[in-house]
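Chemist: Given next are the chains, with one letter for each unit.
There are 2 protein chains.
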Amino acid sequence: MGKKSSKKKSKDKGSQKATQKPSTTPFSDALRVGEGFRLSDVDTRATPAFVGDKVAGEEALAAADAEMDDLQERLFAHGRSGGTEKLLLVIQGLDTSGKGGIMRHVVGSVDPQGTEITAFKAPTKEELAHPFLWRIRKALPGPGMIGVFDRSHYEDVLIVRVHDLVEPAVWGRRYSTINEFEQGLVEDDTTVIKVMMHISKDEQGERLAERLDNPEKFWKYNPGDVDERMHWDDYMEAYQAIMDKTSTKSAPWFVVPADRKWYARLAVQQLLREHLRALDLQWPEADFDVEAEKKRLAETR
Amino acid sequence: MGKKSSKKKSKDKGSQKATQKPSTTPFSDALRVGEGFRLSDVDTRATPAFVGDKVAGEEALAAADAEMDDLQERLFAHGRSGGTEKLLLVIQGLDTSGKGGIMRHVVGSVDPQGTEITAFKAPTKEELAHPFLWRIRKALPGPGMIGVFDRSHYEDVLIVRVHDLVEPAVWGRRYSTINEFEQGLVEDDTTVIKVMMHISKDEQGERLAERLDNPEKFWKYNPGDVDERMHWDDYMEAYQAIMDKTSTKSAPWFVVPADRKWYARLAVQQLLREHLRALDLQWPEADFDVEAEKKRLAETR
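Heads up: the protein sequence lines correspond to chains A and B, in order. Take 7 as the starting number for the first sequence in my numbering and just add one per residue. Take 7 as the starting number for the second sequence in my numbering and just add one per residue.
Same shape as in the complex, but just chain A:
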């Protein structure tokens, strides 16, 4: 039921640089990764599909809350009534790119009963003893749910590739495995939204420095973050390969410029909104006799 909105509009391929579009352009079109896309061409301070400043952006985010509630509840209601639709939001990005802010301010603004966040950390011994998609499959959303991955199976072609944690021939096969896996999700009525939170190296430097300047943020700092930062170019190359190989028609990538936190939050919210709207879900009909139930209820009062 309901077509996925992830169909590529051919003229928007590689349109990341057109940042001053009127706000009537769907975020999905402005941010979708098409053929010829180059990560290095993206201005990480741009605000594609939105004209306005931080104040306007924060207002737009808040203004969409009511519709987000409604859309999420319709999805949830369908899941309770035999519907099979579900949504998977994959959030990828380097340290400090704002993944946590998306969880807090975008995912956190809808009913927590209808969302499931899974944060994928370094794999456990048990997880390493299984195929890389094993732990991913266990965390997939059920009918009516919005599943959110904070990092994902893409780490298996990111940190794993950058640090040679497995042989190149092994990670090299994973791109097509991932495409087949995601194709299966889409065929199982999952709307898949894959988001890369894209920050500049300068912006990451500033955000890490803030954590070291504020004792209330020490707990968020990990010396390993600087170690990873030293591999910046390798990570960019690994992300480019992901965009080249896994932005498919049924499960495309969206690259969100993330130097401005307010914009990145608005963009992810709007991607969710556009995809949920496209499902066009109506309230389920009663699967019981309404008048008979009214009578039964009246007899208990």
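Some hints here could point you the wrong way.
Identical chains blur together in the list; that is why a pair holds if it fits in one copy or across any two.
DSSO-like cross-link-like pairs, simulated, lysine-lysine; straight-line CA separation at most 27 Å [what the hints assert, rightly or not]:
| no. | residue 1 | residue 2 |
| --- | --- | --- |
| 1 | Lys127 | Lys226 |
| 2 | Lys251 | Lys226 |
| 3 | Lys144 | Lys131 |
| 4 | Lys223 | Lys267 |
| 5 | Lys131 | Lys267 |
| 6 | Lys255 | Lys223 |
| 7 | Lys207 | Lys251 |
| 8 | Lys251 | Lys60 |
| 9 | Lys300 | Lys127 |
| 10 | Lys127 | Lys144 |
| 11 | Lys223 | Lys300 |
| 12 | Lys267 | Lys300 |
| 13 | Lys131 | Lys223 |
| 14 | Lys301 | Lys226 |
| 15 | Lys251 | Lys144 |
| 16 | Lys207 | Lys300 |
| 17 | Lys60 | Lys127 |
| 18 | Lys131 | Lys207 |
| 19 | Lys223 | Lys144 |
| 20 | Lys131 | Lys300 |
| 21 | Lys300 | Lys226 |
| 22 | Lys301 | Lys223 |
It should be emphasised that the hints constitute simulated quantities derived from the structure, not laboratory data.
With chain A's structure known, arrange chain B on it following the hints.
Modeler: What follows is chain B alone, placed relative to chain A:
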């Protein structure tokens, strides 16, 4: 670390009827179930520990958001830094008592990365093949987390008792099993907050009728709700037994009058706030050399 605030203040035992206390009375004291407590004495429209109307109550709820964020983040930070504290909020109540509203408006107002909601439905075949606490143990919060149970192990002495799903000798033993189980949680640095959302039979009748009057709410209606409603007195008796047998010093019950949704939400939020405050958690210190890290970071810019 941090004493639990659940210590009983003896003069407040059974104080549910004192609804016009000044707002300086902690909600924990006003709502805690002590010796001699009678469920039938509770006015389900009362607003213990709060003086004010709906507008004031909604304002008070919103006004506490920032402190709730801070308290939750401190708990989470401790969990990430070797701290063992965690919190378990158990929400019980008959159909339409507002459990979902608590999840949406109270739990949903803090960072979803630090909360885990588990909704316990009728047990599966696999769950039934295990001791009744098996599925409960699997859902317990880890360090730094706020676990929330929407229904819980108490269903095993509620619906199970009302419908004779097991022998009386079996459910009869469960009260002491539950007390031992919860004592173990407290010894494991879990703050346990058990809340009964207490509505009147009339209020339930109105809320069920609303669901039958509004096609957008049909999906929330289940003919089985009316079947359960016919056992109202049996449920009240089963809840009274729970209050008599399982409101312990280390894991007391709080009965929240729930005919006014705004009050029930405020009360649960304030119970959480008071218990989190009592933990008195400070920001974790750095487990790395701050100056050395600043230098390392500067070298990568």
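Chemist: All hints are to be evaluated individually against the structure, with a verdict given for each.
Modeler: Hints, verified against the model:
| no. | hint | result |
| --- | --- | --- |
| 1 | Lys127 / Lys226 | within (15 Å within a copy, 36 Å between copies) |
| 2 | Lys251 / Lys226 | neither (33 Å within a copy, 43 Å between copies) |
| 3 | Lys144 / Lys131 | both (16 Å within a copy, 19 Å between copies) |
| 4 | Lys223 / Lys267 | within (17 Å within a copy, 36 Å between copies) |
| 5 | Lys131 / Lys267 | neither (35 Å within a copy, 46 Å between copies) |
| 6 | Lys255 / Lys223 | neither (40 Å within a copy, 36 Å between copies) |
| 7 | Lys207 / Lys251 | within (24 Å within a copy, 60 Å between copies) |
| 8 | Lys251 / Lys60 | neither (34 Å within a copy, 55 Å between copies) |
| 9 | Lys300 / Lys127 | between (50 Å within a copy, 25 Å between copies) |
| 10 | Lys127 / Lys144 | both (15 Å within a copy, 20 Å between copies) |
| 11 | Lys223 / Lys300 | between (55 Å within a copy, 14 Å between copies) |
| 12 | Lys267 / Lys300 | between (50 Å within a copy, 23 Å between copies) |
| 13 | Lys131 / Lys223 | neither (30 Å within a copy, 46 Å between copies) |
| 14 | Lys301 / Lys226 | between (58 Å within a copy, 18 Å between copies) |
| 15 | Lys251 / Lys144 | within (24 Å within a copy, 38 Å between copies) |
| 16 | Lys207 / Lys300 | between (62 Å within a copy, 16 Å between copies) |
| 17 | Lys60 / Lys127 | neither (32 Å within a copy, 43 Å between copies) |
| 18 | Lys131 / Lys207 | neither (32 Å within a copy, 52 Å between copies) |
| 19 | Lys223 / Lys144 | neither (32 Å within a copy, 31 Å between copies) |
| 20 | Lys131 / Lys300 | neither (55 Å within a copy, 33 Å between copies) |
| 21 | Lys300 / Lys226 | between (54 Å within a copy, 14 Å between copies) |
| 22 | Lys301 / Lys223 | between (59 Å within a copy, 18 Å between copies) |
This entry does not satisfy hints 2, 5, 6, 8, 13, 17, 18, 19, 20, going by the numbered hints stated previously.
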